[in-house]
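Please put together the full structure from these sequences, using the hints given.
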Amino acid sequence: MTEQAQVLPGTLDLLILKAVSLGPLHGYGVLLRIEQISGRALLIEQGALYPALFRLVRQGFLKASWGTSDNNRRAKFYELTLAGRKRLQIEAHEWNRLATAIAAVLGARPEEV
Amino acid sequence: MKSLAWLRSTVNSLLRRSRVEIEMDEEIRIHIENRADDLVKSGMPRAEAERQARIEFGSRERFKEECREERGGFWLETLYSDLKFGLRMLRRSPGFTAVAVLTLALGIGANTAIFSYVNTWLIKPLPYPEADRLMVMLSHDTKKGWTSKDVTSTADFLDYQQQNTSFEQLACWTSWDFNLTSDGPPDRVEGGLVSWNFFQALGVKPILGRAFLPGEAQPGSSHVAILSRGLWQNRFAADPNIIGRSVRLQGEVYTVVGILPADFHFPLMGAANIWSPIALDDKQRADRNSSWLQAFGRLKPGVTREQAGAEIATIAARLQKLYPQTNTNLTSLLSPMTDEIGKNEGAEQVMIDFWIVGLVLLIACANVANLMLARATGRSKEFAVRGALGASRARIIRQLLTESLLLFSAGGAVGALFAACGVRWVENAIPERIRGYLVNYGRADLDVTTFVYTFGIALFCGTIFGLVPAFESWGLDITHALKEAGGRVSGGYRAARTLRLFVASEIGLAVVVLISTALLVESLAHMVYEGLGFQSQNVMVTQLVIPPNKYSSPSEVRNFYDEALTRIRALPEVISAGASEYIPFGDSNEVEHVHVVGRPPAEPRQEQGAQYTAVTLDYFSTMQIPLLRGRLIELRDGPGAPNAAVINETLAREQFPNEDPIGQQIEIPLQHRVWTIVGVVQDVKQFTLSDEPEPQLYASAAQFPSAYMSIVSRTARRAPEVTAAIRDAI
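Chains A and B are the protein sequences, given in the same order. If you count the first sequence from 1, position 51 lands on 51 in our numbering, and the numbers rise without skipping. If you count the second sequence from 1, position 652 lands on 652 in our numbering, and the numbers rise without skipping.
Read the hints as simulated data drawn from the structure, not as lab findings. Since we're looking at a predicted model, the values are computed, not measured. Honestly, I wouldn't trust all of these hints.
Here's a subset of chain A near chain B, in silico, CB distances under 7 Å, partners left out [said to hold, decoys possible]: (1) Gly23; (2) Pro24; (3) Tyr28; (4) Gln46; (5) Arg73; (6) Ala75; (7) Arg97.
Glycine included, C-beta positions come from ideal geometry on N, C-alpha and C.
If you want it as structure tokens, here you go:
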């Protein structure tokens with residue numbers, strides 16, 4: 001199986017926001033979805049997840065409410081707020097810019113310098 | 001909105017803490033169960049799946065702690081729990097708490113007490129508008145090197161006033177005692193004679209009436225007076241019609257023209273209550289000889305002290321050239337009024353005390369830090385467990401810091417109480433007579449600044465010294481600490497070293513403090529016990545000024561005092577009584593230039609001075625000043641007999657180093673008086689305990705009576721009832 005990359009600190013928030021944007025999730029669900037979408041390339045450290053979730057709630061990007069999960073258990077569900085949606089857009093944009101820039105640097109050939 | 005969400009989260013966390021905790025637990029549980037389910041789906045047995053899920057999740061407690069940190073309202077919560085815990089810890093070891101708080105209270109309290117004086121006397125500005133622009137003129141003799149406050153003669157002052165461009169106002173004054181005989185029993189009220197612009201220069205406006213007018217500086221128009229508010233309330237019952245009312249001063253009628261505000265205080269003058277303008281006739285205006293005025297001025301805006309000082313020096317140089325007889329080598333210096341008042345107060349000594357007391361505080365803090373360190377070492381297990389539960393290092397340090405601050409705040413609070421008592425005690429110890437010369441009458445207010453200072457140093461020291469045990473627990477090995485048998489205090493190498501460091505520095509500081517204090521006490525004892533030159537116990541001093549219009553001729557004055565002394569001597573408790581124009585540690589003195597007859601006259605301004613006073617019979621015996629050679633003033637030294645004078649050791653040494661003064665003649669050239677020296681007495685301390693004695697000439701009061709005398713009466717023991725008896729006798 002493909003090597004699993006470590007999640008860079010700071011990008012966790014971005015990933016969580018994206019995961020939740022596809023539909024409300026409880027904590028474990030967020031974990032699964034990220035794993036799933038990334039093709040198991042990204043593994044979230046379980047201990048880092050919930051503090052990040054609480055942080056995002058405190059910052060107003062996520063909203064939390066209790067509900068029932070699909071296996072009939074009570075769970076706390078997180079969904080994106082309006083501010084969260086905006087934040088996701090901005091962060092994603094920033095990330096892409098950064099990635100492009102880094103790629104450009106890495107792809108530089110000796111002749112181009 | 002972000003901040004709203006943040007606020008909501010914080011409030012949520014604070015108010016519904018337990019519910020939030022439960023929810024968190026719930027959430028974790030669900031997560032782990034979900035994970036376990038997934039593992040089971042992939043084939044693992046249930047029990048093992050659950051265990052695996054839990055291990056994967058990691059330390060639940062540590063993680064809950066991190067979540068809590070993210071949640072907001074966290075630091076407030078921790079502060080509260082830290083405080084509760086800290087209080088509990090302190091309550092559990094009352095011995096430690098008591099000792100620590102007491103130590104700190106002493107250290108902080110002493111600092112607060114001294115600081116309150118530093119604050120009142122040195123830091124707070126004087127109660128006049130822009131008081132830092134008030135400069136006192138000091139005279140300075142460039143050849144002999146002395147500097148004195150009794151600056152100027154009238155003529156010099158007027159010249160300075162007219163020729164200067166640096167001062168808005170230049171004013172002068174002298175202390176004066178007034179005999180107040182109207183509206184109550186006769187009383188001697190201290191006050192001052194001032195130039196007409198005195199209050200304007202200070203920037204003080206009377207609350208009733210007005211300040212003096214220029215016209216009132218003329219003889220004939222000068223019988224006006226300004227009273228203090230205290231005098232107005234006490235003596236005149238706050239009469240609303242006080243302005244324009246007549247009072248009897250020195251036997252003459254004066255009109256009250258103004259009342260000063262309640263907080264008015266001019267420390268250089270002491271506790272003054274009546275002011276009257278200085279009125280000079282032409283002859284007095286031209287007098288350049290007697291220096292009896294003190295002067296100060298308010299700088300014009302934009303003029304610096306250096307500029308004004310240079311100008312004054314230039315004027316002084318001009319006067320030196322014009323009047324070599326009186327002004328040779330005489331120049332003037334400027335000194336801020338705050339400094340001059342500070343000198344009177346012993347500001348230097350207060351600053352020394354301040355540093356000493358600061359050292360004491362350091363010792364106290366080091367002591368307490370030591371104690372805290374010892375305790376912290378004993379708590380290493382507690383810290384280990386906390387660390388295992390997820391407390392970050394910062395958290396533990398915060399906890400220790402809170403405990404330390406609790407201790408120091410308690411010490412600060414008790415210290416403030418000590419300080420209040422200490423300050424009251426000092427205030428009460430200050431003799432009544434000198435209170436007028438101290439800012440705020442010697443009261444050190446414990447105001448907001450002082451309390452801010454107190455808690456400031458409590459928190460500051462608490463933080464610094466509290467961090468010591470905290471950092472000791474920095475390099476903590478959890479398993480090692482947990483393995484130790486309970487209750488055993490190990491120390492660890494580093495802790496022991498810190499302990500030794502503290503002990504060493506404390507001993508060092510304590511030695512410094514002890515030595516400084518010993519030196520101070522020794523110099524004080526030296527001053528006090530060195531001997532005043534006379535016996536001061538059981539001597540009652542009565543100061544009198546006889547109104548000139550009632551007893552105008554010298555013989556009337558002489559008879560009055562003779563009569564008074566006879567009556568006093570007749571009182572049963574009085575052993576002996578005498579009188580002198582000026583007494584040691586009295587309010588005033590007279591210095592004259594003396595010259596031994598038969599020697600060449602002195603150069604201008606090179607004359608030698610001596611303190612002058614006239615004494616009655618029995619003065620020396622009442623004061624118990626020993627006679628060294630010759631005889632004392634006796635009955636035969638009356639009017640018509642040759643002028644007889646007694647001199648003191650210092651004068652004898654100065655003027656007659658190699659010969660016997662008895663029989664020699666000494667004169668005061670300006671007064672055209674000549675005396676034959678008949679005796680030499682021992683020196684007496686005149687003004688302060690630390691100054692060298694000055695040369696002194698004692699004339700006979702029978703030959704040179706003075707309306708202004710101080711009667712000294714010696715009683716067998718302290719007898720305050722004698723005061724009343726003496727008053728009646730007079």
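So, going through the hints one by one against the coordinates:
Residue-level restraint check for Gly23 (chain A) is violated (minimum Cβ-Cβ distance to chain B is 17 Å; threshold 7 Å). For the restraint placing Pro24 (chain A) at the interface with chain B, the shortest Cβ-Cβ distance is roughly 15 Å, beyond the 7 Å limit, so the hint is violated. The criterion of a C-beta within 7 Å of any C-beta in chain B is met by Tyr28 (chain A), whose closest approach is roughly 4 Å, and the hint holds. Given the 7 Å rule on beta carbons, the hint for Gln46 (chain A) holds: about 5 Å separates it from the nearest Cβ of chain B.
Taken as an interface hint, Arg73 (chain A) checks out: its beta carbon lies about 6 Å from the nearest beta carbon of chain B, inside 7 Å. The interface hint given for Ala75 (chain A) is met, as the beta carbon of that residue sits about 5 Å from the closest beta carbon of chain B, less than 7 Å. Proximity of Arg97 (chain A) to chain B is violated relative to the hint, the smallest CB-CB distance being about 23 Å (cut-off 7 Å).
When each numbered hint is compared with the structure, violations occur for hints 1, 2, 7.
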